[in-house]
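Asks: In case you want the letters, here they are:
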Amino acid sequence: MSEQRMPAPAGPASASASGSAGGFSRTEMMIVAAARALAGQRVCFVGVGLPNIAVNLAKRTVSPDLELVYEAGVFGAEPARLPLSIGDPTIVTGATAVTSMLELFGYYLQRGLIDVGFLGAAQIDRFGNINTTVIGDYAHPKTRLPGSGGACEIAINARQVFVIMRQSARSFVERIDFRTSPGNLGGAENAARIRREQGWLGSGPSVVVTDLGVYHFDASGEMRLDSLHPGASLDEVRATMGWDPRIADDLATTPAPTADELRLIREELDPDGMYTK
Amino acid sequence: MSSKVASMRDAVADLVRDGDTVAIEGFTHLISFAAGHEIIRQRKRDLTLARMTPDLIYDQMVAGGVARKLIFSWLGNPGVGGLNAIRRVTEGPGASLEMEEYSHFGMVARYTAGAMNLPFFPLRSYFETDLPKVNPLIRPIDSPYGDGTVYAVPPLRPDVTVIHAQRADAEGNTQVWGLLGCQKEAAFAADRVIVVVEELVEGSIIRADPNRTIVPGIVVDAVVVEPFGAHPSYVQGYYDRDNRFYRDWDPISRDAALTDGWLAEWVHGLSGRAEYVAKLGEERVTSLRPSAPAPSGVVDYGEYR
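Quick note, the sequences are listed as chains A and B, same order. Letter by letter, the first sequence follows residues 1 to 277 in the working numbering. Letter by letter, the second sequence follows residues 1 to 305 in the working numbering.
Next up, chain A with everything else stripped away, as it sits in the complex (with noise of 0.2 angstroms):
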């Protein structure tokens, strides 16, 4: 989907679906709140597309100490281009550490030294379990998505779990296709027993940002509408979900991106576009 950057400032006129609020897009709206989300987080694995954008942006405004993971077997990143796949040469030059991928995914990962990892959805459930494998069924699927990766294992793994991504109707499924990566499973009593009892170090999902809004999960697990972003609205949020979600009683509007915020991304962070147009 393309959006039009409007000029600001701009009126709740040109808040629809398919436009942007003043002197912003909701992705860049969308890339902002995730990379606050991670202000005061120490380290954090990033994911292809758009995390790799919000987490760069939280290392140049929020948290300018975190610790960039990539999954290709980087710790301590220090990238000076956006990397188009996560498996770039300019985030191996200036790193901490180039580790083979069996010492990251078993020293890094599963020994529980990740804070914060990222993953994005073709489809997520209200309890933030998450299908990146196939629409339809798994031997004929009508859509055959990219799998796993190291999704499954971040779900898992990984101290909490942040999903970015775009809401719609088709994503934001009462019962998704195909589970590749656990969340809150049914619900959270039992999630938080299976981790206990399995000796999982990561406590599941914590936040869900999307184009519309931030959403963190409730004492039963689901997911609950926390913020609005400027220019959304509760029916465009009912609209692109498959359930009836649970609404804060207190919803916040997310404060626009600042100027500063929107400069990195624009200038220094994806100057062509490639993530946010």
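Simulated from the structure, these hints should not be mistaken for laboratory data. Check the hints yourself; a few may be wrong.
[To be verified] DSS-like cross-link-like pairs, simulated, lysine-lysine; straight-line CA separation at most 25 angstroms:
| id | chain 1 | residue 1 | chain 2 | residue 2 |
| --- | --- | --- | --- | --- |
| 1 | B | Lys-69 | B | Lys-133 |
| 2 | A | Lys-142 | B | Lys-4 |
| 3 | B | Lys-69 | A | Lys-142 |
Since the structure of chain A is provided, determine the placement of chain B on it from the hints.
Replies: Below, chain B without anything else, positioned relative to chain A:
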């Protein structure tokens, strides 16, 4: 020790056989497109292709008709989208390519078990996911020490592993820097190993920096010297990832006729990598060189007599 230096044509003809399980490894970095193209050119058949990330090279090889089955953990064009030639034979009622899928750590664990001659490798992945339901080779096992259950994956022992590296000597002692992926594990796991390098060096160069050796010549069968042999992937310190090619492949691969045309022009129509590099052109090649050098510091191993 005799030299193992061979041409790509001879190495593939001698060491890759119809029906083999072949692993061309390298995680985004150091992917031997030169070997993949030679396998297509020689019209090998019924191969089981193993790779964590099939990447464009297996999309091209599947389009080229060499594959019967894929073993993998992430099927996509990184940063761009899907692998369209593979999707054509894996989606819908006419799906014809056999698939066996794992997670990244599962694939690494399989190579590791193969490299160590272990019957399985344990990991904490796969609990409460649907992956073991569709791949019965992923199985739960109880700890013999009574502290829980883990999942096991079986060893992966390729008939042939192909890796690309910055340099090796004529015996196959191979050095890599930058992303290491799982090439060491995939090479030790394999029955036969082909190493493709940017530069052939004297053994004294290898011995001056033994910490950088990932694969010793004792497990290597052939050394092929093929500069720019990893394009459009990259070689740390030598050339950059050709992101333009990764993007250009998307529309080509969406159309079966365009894909066949590309293979006819860039694989079957060329004798090998040297012609491919010449066809790519000096300007494209130069544009992919690093913008500046970034040499490592020198360490002193000391001499002890």
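Asks: Okay, which hints does this one fail, numbers in order?
Replies: 2
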